[in-house]
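So the protein lines, in turn, are chains A and B. To convert, note that position 10 of the first sequence is 10 in UniProt numbering; the numbers rise steadily by one, no gaps. To convert, note that position 225 of the second sequence is 225 in UniProt numbering; the numbers rise steadily by one, no gaps.
Bear in mind the hints are in silico, worked out from the structure with no lab data behind them. Beta carbons are placed, not taken as given, at the ideal position from N, Cα and C, and that holds for glycine. Certain hints may be false.
[Unchecked claim] What the simulated footprint calls covered on chain B by chain A, stretch by stretch (three residues with Cβ under 8 Å from a Cβ of chain A suffice, anywhere in the stretch; the number is not a length):
(1) 243-250
(2) 264-270
(3) 277-286
[Stated by the list, open to error] To give an idea of the chain B side of the interface with chain A (calculated C-beta under 10 Å), a few residues:
(4) Asp224
(5) Glu257
(6) Pro259
Number of protein chains: 2
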Amino acid sequence: MPVTSAAWHLVRRPNGEVVDDDVALVEHELDDPGPGEVLVRNTWLSVDPYMRGRMNDAKSYVAPFALDEPMDGGAVGVVEQVGPDVEGLAVGDTVLHGLGWRERAVLPGRRTQRVDVELAPPQAYLGALGMPGLTAYAGLLDVAAMQEGDVVFVSAAAGAVGSLVCQIARLKGASQVIGSAGGPAKTQWLLDELGVTHALDYKAAPIRQQLREVAPEGIDVYFDNVGGDHLEAAIGALRLHGRAALCGAVSAYNATEPPPGPRNLVRLVQNRLTLRGFLVGDHADARPRFLTDMAGWLAEGKITWRETVTEGIGSAPEAFRSLLSGGNTGKMLVRLEPDS
Amino acid sequence: MPVTSAAWHLVRRPNGEVVDDDVALVEHELDDPGPGEVLVRNTWLSVDPYMRGRMNDAKSYVAPFALDEPMDGGAVGVVEQVGPDVEGLAVGDTVLHGLGWRERAVLPGRRTQRVDVELAPPQAYLGALGMPGLTAYAGLLDVAAMQEGDVVFVSAAAGAVGSLVCQIARLKGASQVIGSAGGPAKTQWLLDELGVTHALDYKAAPIRQQLREVAPEGIDVYFDNVGGDHLEAAIGALRLHGRAALCGAVSAYNATEPPPGPRNLVRLVQNRLTLRGFLVGDHADARPRFLTDMAGWLAEGKITWRETVTEGIGSAPEAFRSLLSGGNTGKMLVRLEPDS
Numbered sequence: 001m002p003v004t005s006a007a008w009h010l011v012r013r014p015n016g017e018v019v020d021d022d023v024a025l026v027e028h029e030l031d032d033p034g035p036g037e038v039l040v041r042n043t044w045l046s047v048d049p050y051m052r053g054r055m056n057d058a059k060s061y062v063a064p065f066a067l068d069e070p071m072d073g074g075a076v077g078v079v080e081q082v083g084p085d086v087e088g089l090a091v092g093d094t095v096l097h098g099l100g101w102r103e104r105a106v107l108p109g110r111r112t113q114r115v116d117v118e119l120a121p122p123q124a125y126l127g128a129l130g131m132p133g134l135t136a137y138a139g140l141l142d143v144a145a146m147q148e149g150d151v152v153f154v155s156a157a158a159g160a161v162g163s164l165v166c167q168i169a170r171l172k173g174a175s176q177v178i179g180s181a182g183g184p185a186k187t188q189w190l191l192d193e194l195g196v197t198h199a200l201d202y203k204a205a206p207i208r209q210q211l212r213e214v215a216p217e218g219i220d221v222y223f224d225n226v227g228g229d230h231l232e233a234a235i236g237a238l239r240l241h242g243r244a245a246l247c248g249a250v251s252a253y254n255a256t257e258p259p260p261g262p263r264n265l266v267r268l269v270q271n272r273l274t275l276r277g278f279l280v281g282d283h284a285d286a287r288p289r290f291l292t293d294m295a296g297w298l299a300e301g302k303i304t305w306r307e308t309v310t311e312g313i314g315s316a317p318e319a320f321r322s323l324l325s326g327g328n329t330g331k332m333l334v335r336l337e338p339d340s
Numbered sequence: 001m002p003v004t005s006a007a008w009h010l011v012r013r014p015n016g017e018v019v020d021d022d023v024a025l026v027e028h029e030l031d032d033p034g035p036g037e038v039l040v041r042n043t044w045l046s047v048d049p050y051m052r053g054r055m056n057d058a059k060s061y062v063a064p065f066a067l068d069e070p071m072d073g074g075a076v077g078v079v080e081q082v083g084p085d086v087e088g089l090a091v092g093d094t095v096l097h098g099l100g101w102r103e104r105a106v107l108p109g110r111r112t113q114r115v116d117v118e119l120a121p122p123q124a125y126l127g128a129l130g131m132p133g134l135t136a137y138a139g140l141l142d143v144a145a146m147q148e149g150d151v152v153f154v155s156a157a158a159g160a161v162g163s164l165v166c167q168i169a170r171l172k173g174a175s176q177v178i179g180s181a182g183g184p185a186k187t188q189w190l191l192d193e194l195g196v197t198h199a200l201d202y203k204a205a206p207i208r209q210q211l212r213e214v215a216p217e218g219i220d221v222y223f224d225n226v227g228g229d230h231l232e233a234a235i236g237a238l239r240l241h242g243r244a245a246l247c248g249a250v251s252a253y254n255a256t257e258p259p260p261g262p263r264n265l266v267r268l269v270q271n272r273l274t275l276r277g278f279l280v281g282d283h284a285d286a287r288p289r290f291l292t293d294m295a296g297w298l299a300e301g302k303i304t305w306r307e308t309v310t311e312g313i314g315s316a317p318e319a320f321r322s323l324l325s326g327g328n329t330g331k332m333l334v335r336l337e338p339d340s
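Okay, chain A solo, but in the shape it has when bound:
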């Protein structure tokens, strides 16, 4: 019995911000799951900054989205049908998979991952327990090699990844955690619930000046989610043998011209600094440590997060636009069913 699924297609490469005419919601008829396959009804969709790069035609670390086909991305859903020869999955299971931006998907069972909804709500596997969590963990501890006692600076600290970096830094013994975010509501959250030492509102004054005020002796680690003036300020503040993990540059994702680069790279030589770009996909080796630590912290109530949620498949492009302009606090999600 075929089912239908509405899916977001990219129909035109965006120029700058994604506009309505760049995407289209298209109804698909899905076949029954074949051997090894399952049908999943998505309940939560993830929107993430890296998707903006996939909307361009440029060669990048992941292939561009094809035009006139469903986009993909992280999603959590419930197994509705199980085809022949599928092991370890049953109707009703909650699974994490990569065919988001749509209501339903038929895909091989081995390309899904069953999640433990006793440990955390389903959508946490798109956040703290998922890709953003591992990104924060591996970027901070492996790429930037944070050590106990380090002074750590995190940009987009109220975002899905940044908010976890702040907390992991604190839990792993950073002497100070400095987070930047846009606006007083976000900075208040950083101070009140994430336990940062200093929260900087980058909209209130130049970030370089604020960073110098709260860290006159400099910083040891910078976790970069935004690039631009934050990166330049951080390079100016990094002290001897400091390390920056470059996770993304959300300030530039919608840019149509290459942004100016930091003018102070000579400090890399002077202070023997390391800038290292990374992608979570290269850090599968950190996953067991991450899951052990994170499950422990969750059980002890030591990790918190927020979600910014839009409702219904129709809201996905708006959720994505909002994400890139800082409209979210914590993880940006699209909920497809009111009670999920």
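Place chain B on chain A using the hints.
Just chain B now, with coordinates in the frame of chain A:
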């Protein structure tokens, strides 16, 4: 019996290029060497790009030169007098030490290093067997972690450090060595004697374009001596998990405004690149390996170098100016005695 020594003082902080009024040659009367001290008559002085930073008053990795005192720097000389309680040094020994920019120096014997003039001529200890050699070796092999088969790009490849990087890369199994330098005489030297695969004349066409032509598949390692457009071009060419060792930014040393930074740092994330600044002083651990390898290569005739030499203590500022404007091929030196 007191001796005299002419020494170059910095008398004013330069603004841009060093001009005659920034420095003064001052006659000093030296005391006899005291306990543990020796008197050295310098025969060769080193001028090095890092000295430009020391002429500024800015906090940097080495203290600024004091005004109205002799500047210092690498020098080789002959021991003329030995004070009481000095072990292991005799009159006539050739030594390496740090009190350059002057004719003679009195200093503790333990702050000199006797050199083997059978293995190489004295001034080689200011070049291939000295600080530039260790800089090239540690920067390429430890900081940039060059592996056999890598495609390596080196800027200022006709300079003291760069010319050694090219040869060490080749000797350690780089699949291609690409060197850039200014002008056909230098690039010809790179091709004929240093054994590079491609020599790029950065004055002839944009370096980005030339690099793309000779390395359409990209590069794995970049050894940066100049910064600026070379660094941006290299970041654009570095492929997956590429590494850049940042040794200096000679293009900016005389700059009075901070130079524009590379506009393509987003590639650090896309290709998981590492940019790492370093100073040779942090790599003493590489010295034994370096000396073993380099002595072997010298004995087998596998390493070559050139020197650009000015004559007499009066020529030191001109040698330094020429160095910063690319007037040298290979190591820039000041010879204080015609037959040394």
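The hints, checked one at a time:
no. : hint    : verdict
1   : 243-250 : holds (count 4)
2   : 264-270 : holds (count 7)
3   : 277-286 : holds (count 4)
4   : Asp224  : 9 Å, holds
5   : Glu257  : 9 Å, holds
6   : Pro259  : 6 Å, holds
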